[in-house]
Amino acid sequence: MAKAIRDVYGESLAKYGQLNKDVVVLDADVSGSTKSAVFGKACPDRFFNMGIAEAGMTACACGMAAAGKIPFVNTFAVFVTTLGLLPARAFGSYADIPVKMCGAYGGLSDAYDGPTHHALEDIAIMRTLPRFKVFVPCDAVQTDWVVKNAIEDPSPMYLRFSRDAFPDVYQPGETFEEGKGRIVREGKDATVIGCGIMVGNALKAAEELEKEGISLRVVDMFCIKPLDKELVARCAKETGAIISAEEHSIIGGLGGAVAEALAESGIGAPMGFVGMQDRHGECGPYSKLLEKYGLDAAAIAGKVKETIARK
Amino acid sequence: MKLPVEEKARLEKLCHQFRIDLIETLHQRQTGHPGGSLSVLEILTTLYFTQMDVDPANPKKPDRDRLVLGKGHAAPALYRVLAEKGFFPVEEMATLRCLDSRLQGHPNPLDTPGVEITSGPLGIGLSAALGMALAMKLDGLDKRVYCVLGDGEINEGTIWEGLMAAVKFKADNLCAILDWNGVQLDGVTEDIMPMHNIPERFASFGWHVIQCDGHDIEALYEALETAKTVKGVPTIILAHTVKGKGVSFMEGKNAWHGKAIDDASYEQAMKELGGVL
Numbered sequence: 141m142a143k144a145i146r147d148v149y150g151e152s153l154a155k156y157g158q159l160n161k162d163v164v165v166l167d168a169d170v171s172g173s174t175k176s177a178v179f180g181k182a183c184p185d186r187f188f189n190m191g192i193a194e195a196g197m198t199a200c201a202c203g204m205a206a207a208g209k210i211p212f213v214n215t216f217a218v219f220v221t222t223l224g225l226l227p228a229r230a231f232g233s234y235a236d237i238p239v240k241m242c243g244a245y246g247g248l249s250d251a252y253d254g255p256t257h258h259a260l261e262d263i264a265i266m267r268t269l270p271r272f273k274v275f276v277p278c279d280a281v282q283t284d285w286v287v288k289n290a291i292e293d294p295s296p297m298y299l300r301f302s303r304d305a306f307p308d309v310y311q312p313g314e315t316f317e318e319g320k321g322r323i324v325r326e327g328k329d330a331t332v333i334g335c336g337i338m339v340g341n342a343l344k345a346a347e348e349l350e351k352e353g354i355s356l357r358v359v360d361m362f363c364i365k366p367l368d369k370e371l372v373a374r375c376a377k378e379t380g381a382i383i384s385a386e387e388h389s390i391i392g393g394l395g396g397a398v399a400e401a402l403a404e405s406g407i408g409a410p411m412g413f414v415g416m417q418d419r420h421g422e423c424g425p426y427s428k429l430l431e432k433y434g435l436d437a438a439a440i441a442g443k444v445k446e447t448i449a450r451k
Numbered sequence: 006m007k008l009p010v011e012e013k014a015r016l017e018k019l020c021h022q023f024r025i026d027l028i029e030t031l032h033q034r035q036t037g038h039p040g041g042s043l044s045v046l047e048i049l050t051t052l053y054f055t056q057m058d059v060d061p062a063n064p065k066k067p068d069r070d071r072l073v074l075g076k077g078h079a080a081p082a083l084y085r086v087l088a089e090k091g092f093f094p095v096e097e098m099a100t101l102r103c104l105d106s107r108l109q110g111h112p113n114p115l116d117t118p119g120v121e122i123t124s125g126p127l128g129i130g131l132s133a134a135l136g137m138a139l140a141m142k143l144d145g146l147d148k149r150v151y152c153v154l155g156d157g158e159i160n161e162g163t164i165w166e167g168l169m170a171a172v173k174f175k176a177d178n179l180c181a182i183l184d185w186n187g188v189q190l191d192g193v194t195e196d197i198m199p200m201h202n203i204p205e206r207f208a209s210f211g212w213h214v215i216q217c218d219g220h221d222i223e224a225l226y227e228a229l230e231t232a233k234t235v236k237g238v239p240t241i242i243l244a245h246t247v248k249g250k251g252v253s254f255m256e257g258k259n260a261w262h263g264k265a266i267d268d269a270s271y272e273q274a275m276k277e278l279g280g281v282l
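First to last, the protein sequences are chains Z and F.
Heads up: the first sequence is residues 141 to 451, going by the numbering used here.
Heads up: the second sequence is residues 6 to 282, going by the numbering used here.
Among the hints, a few may not be true.
What the hints assert, rightly or not - To be clear about the criterion: a stretch of chain F counts as covered by chain Z if any three or more of its residues have a C-beta under 8 angstroms from a C-beta of chain Z, and this derived list gives those stretches: (1) 27 to 40; (2) 139 to 148; (3) 166 to 180; (4) 243 to 250.
Stated by the list, open to error - A few chain F residues that face chain Z, going by a derived Cβ cut-off under 7 angstroms, partial list only: (5) 104; (6) 110; (7) 163.
Because the hints were derived from the structure by calculation, they are not lab data.
Being a predicted model, the structure only gives us computed values, none of them experimental.
By construction, the Cβ of each residue, glycine as well, lies at the ideal position given by its N, Cα and C atoms.
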């Protein structure tokens with residue numbers, strides 16, 4: 141099994157952070173969970189444990205960025221995008237301050253802690269902030285690139301990571317481009333546009349559907365903002381049906397962004413949304429939660445067939 | 006260290022002129038916050054004219070002192086002082102809060118030269134100032150960060166997060182100044198949210214506390230000079246001020262927190278201040 145995304149994040153942060161003395165890392169007393177502690181061990185003078193004070197932490201990070209630093213702000217995704225939102229908006233977004241908001245335990249991945257700790261609205265919240273870029277990596281290789289890219293690009297960003305391991309999608313050394321989605325499997329009957337763990341799940345769904353004679357294209361839309369609108373339009377045109385798949389509410393996240401692009405394209409292909417319905421979940425084993433709430437490969441396959449039928 | 010008598014007199018005269026100019030601008034624009042702008046004038050003037058190393062010709066020079074106006078609604082006062090320093094022409098004050106103006110309702114660094122960071126959403130400025138102070142320490146810069154707080158603003162829980170963190174990280178290059186005018190938007194601070202024993206509260210969080218008359222430039226100067234000598238902990242100067250200072254009918258009145266100045270009030274204020282109508 142591949143490494144947990146959070147471990148990859150911590151190691152990449154330490155690896156690239158050691159090379160750039162302007163990188164500073166802040167955490168709100170969960171560095172052992174987010175794995176920012178790996179950086180803290182490597183560069184203790186540039187690591188700041190701010191205590192359980194997410195708003196103050198984010199504001200402090202923005203002040204550091206205003207004075208030339210590249211701050212990575214760490215806590216659970218649900219907290220960094222709610223308690224950290226005011227400084228992210230007032231400083232990061234409005235003043236174009238390059239704060240890197242890092243949401244650990246994205247989606248349902250903090251499974252057993254339950255709905256208070258699940259992050260299912262974070263992408264929707266963060267993509268409405270002007271100037272913010274939003275990334276949701278789908279595997280270890282991409283997580284590493286996202287960290288490296290965040291150091292190199294002086295934009296405010298929201299980076300959403302998972303607690304869990306995701307199946308490998310890419311080979312080590314693969315590089316990516318902001319605003320460019322990636323076709324990870326060709327197909328002609330429909331396209332699943334996913335991010336995070338749902339890319340791997342979509343690939344599984346594609347294998348199953350192939351047995352039924354359905355050819356499914358899978359797009360990894362790891363960069364939700366800026367969105368690759370051209371790719372959305374191209375997939376709609378070439379495959380005639382679009383299905384978004386995300387570990388997030390079906391409202392306002394990747395699905396919302398793709399729907400906006402699809403509507404604007406005027407192509408008029410039917411679209412289906414795979415994600416958390418407009419509700420909260422519960423605690424339980426991660427894989428069982430994904431299954432129960434319609435976020436696994438089977439749910440994607442079902443939605444693909446339903447959407448193709450509406451062509 | 007003493008402030009030279011002539012310098013004190015010059016700055017007092019300047020503050021008096023600023024009061025006249027602010028009444029003029031706020032009356033002309035019919036929007037903006039008079040009360041808190043008038044209470045913070047001596048604080049900002051003393052900081053920018055006796056303490057801070059800033060260069061209007063090179064506002065982004067790395068080795069500079071920085072100021073965060075936590076109580077961002079006092080933007081008119083900050084803008085007037087920045088204009089006097091030469092960051093932009095004083096005439097630009099007439100565009101305050103206008104469309105296409107560089108002088109937004111609340112400060113934003115992308116618009117206004119000399120503004121370090123956004124402010125207006127209360128409570129987050131102190132932590133931002135702390136972040137600047139810590140970054141400057143990492144860079145080995147022997148410069149200071151000043152954060153001007155409102156006394157209503159300290160209702161915000163995030164202020165207390167910043168207070169704790171500044172002590173933990175020994176940010177002795179950070180100096181907060183509380184514009185302690187005792188009045189916030191809805192009424193007097195002791196009614197809206199009693200903050201009993203303000204000096205003790207800050208001291209108990211580990212800050213070095215200095216109190217002074219926030220309209221006495223010499224007292225402010227001495228407090229700021231003392232603050233520079235305090236090592237290992239951050240300092241807060243509790244500056245006793247009067248909301249609406251200098252205009253009799255505005256003094257201590259929450260109604261003038263953010264009210265547009267009508268013609269009769271404008272004339273009365275200018276008469277009191279000796280301004281030209």
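* Structure versus earlier hints - violations, ascending order -> Hints 1, 4, 5 and 6 not satisfied by this model.
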